[in-house]
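**Q** If you want the building blocks of each chain, they are given just below.
Number of protein chains: 2
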Amino acid sequence: MSNAQNPARARRSESSRQAILTATRALISEVGYKTVSIEAIAARAGVGKQTIYRWWPSKGAVIFDSFLALSADVDGQGMALPDTGDIESDLKLVMRATVTEFADPDFERPIRALNTEIINDPDLATQFHEKLARPVDEAKKARLRSAQQAGQLATDADLDLVLEVLYAPLFQRWLHRSGPLTAEYADCLVDITLRAFGP
Amino acid sequence: MSNAQNPARARRSESSRQAILTATRALISEVGYKTVSIEAIAARAGVGKQTIYRWWPSKGAVIFDSFLALSADVDGQGMALPDTGDIESDLKLVMRATVTEFADPDFERPIRALNTEIINDPDLATQFHEKLARPVDEAKKARLRSAQQAGQLATDADLDLVLEVLYAPLFQRWLHRSGPLTAEYADCLVDITLRAFGP
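Just so you know, the sequences run in chain order A and B.
Just so we're aligned, residue 1 is where the first sequence starts under my numbering, counting upward by one.
Just so we're aligned, residue 1001 is where the second sequence starts under my numbering, counting upward by one.
Hints may be right or wrong, so weigh each one.
Cβ-to-Cβ under 8 Å is the rule here; a few derived chain A residues that face chain B [stated by the list, open to error]:
{"hint": "1", "residue": "Glu108"}
{"hint": "2", "residue": "Asn115"}
{"hint": "3", "residue": "Ile118"}
{"hint": "4", "residue": "Pro122"}
{"hint": "5", "residue": "Leu161"}
{"hint": "6", "residue": "Leu175"}
{"hint": "7", "residue": "Ser178"}
Derived by calculation from the structure, the hints in this document are not laboratory data.
Where is the CB? At the ideal position from N, CA and C, for every residue including glycine.
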């Protein structure tokens, strides 16, 4: 890539890429997954359509990257969970951060819009799980395996089920707006999960 | 009511009422909550609009009754959970039945459509919780209280949280189609919940 020899151009490219991802999330919130178009994303981001097609082969691809950007650090390496050796405090840190994000309208609105599409479109649900949810779940399961090795979780615990018990109550409460999303709730879900799957 | 003196008329009324509720659920599956109209429900059920307005004051009211009919016996008294004295086998019976229902396309389709509306409409979410979810949850909590008195659940367990841990993983798995809905899964959720909230 010629950008390696041209830092100013690389910065402009990264700035355009971020503008496109931000515009994509905003438009999905406003008009929904089916209605959003590459033309509209380009117009909102202030770039040409060809700039988008240079980096992404399809609308679906840019949409997934726009959501992936929410769960990864800017360098794309940020999915690993903290590992201080104490699974309880590490999970509480992560769950409190998750609860804070889902209580933030700017963060949760596009994810709510994406969920609306996913629940009515089995193909999109499959794509979502393969490209987005599974890599994040694998990072979480790596931390849970470390807890199993440390004797803090049952060695025969089904780690997919551990993640369901930890996250699904928060998911349902957020999606149905059926209760407060607080740090206390985050802690409580961790305590319950560790009790259910403790050694 | 004159129906008390006229059994044939009472049967015709009940048959019309059921036709209206069935038509309502079918139309919500097909066109969504916002688009469905009293006119369309009447046409599908083969009754006049005035028949619907005789029993229900609004579109929202007939929609809620159409979903309430799924969770209650025909006499409207069917919400109580079984109580054999063994919370584990009673909950497994209920959760296996729930999993079977949600694995049935004819049952789950209108509920998926209702969820789509609920997650994007906070007022509808509030109505749903007050009129539909809360009465069902209270019936479930009555069974859990009986288990607390029998020493099978911790006396200080937060029963709303018990229900979230028991049902939310199934809700998420169903909504996202992220895993199989089986009797084994139902049993597993009961085992985990009882371990998490055991005495």
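**Q** All hints, please: hold or fail.
**A** Hint check results:
1. At about 11 Å, the closest approach between the beta carbon of Glu108(A) and any beta carbon in chain B exceeds 8 Å, and the interface hint on this residue is violated.
2. For Asn115(A), the suggested interface contact is upheld, since its CB lies about 7 Å from the closest CB of chain B, less than 8 Å.
3. Nearest Cβ of chain B to the Cβ of Ile118(A): about 6 Å, under the 8 Å cut. The hint holds.
4. The closest approach between the C-beta of Pro122(A) and any C-beta of chain B is roughly 6 Å, which is under the 8 Å cut-off, so the hint is satisfied.
5. At about 7 Å, the closest approach between the beta carbon of Leu161(A) and any beta carbon in chain B falls short of 8 Å, and the interface hint on this residue holds.
6. Because the closest C-beta pair between Leu175(A) and chain B is about 5 Å apart, less than 8 Å, the hint holds.
7. For the restraint placing Ser178(A) at the interface with chain B, the shortest Cβ-Cβ distance is roughly 6 Å, inside the 8 Å limit, so the hint holds.
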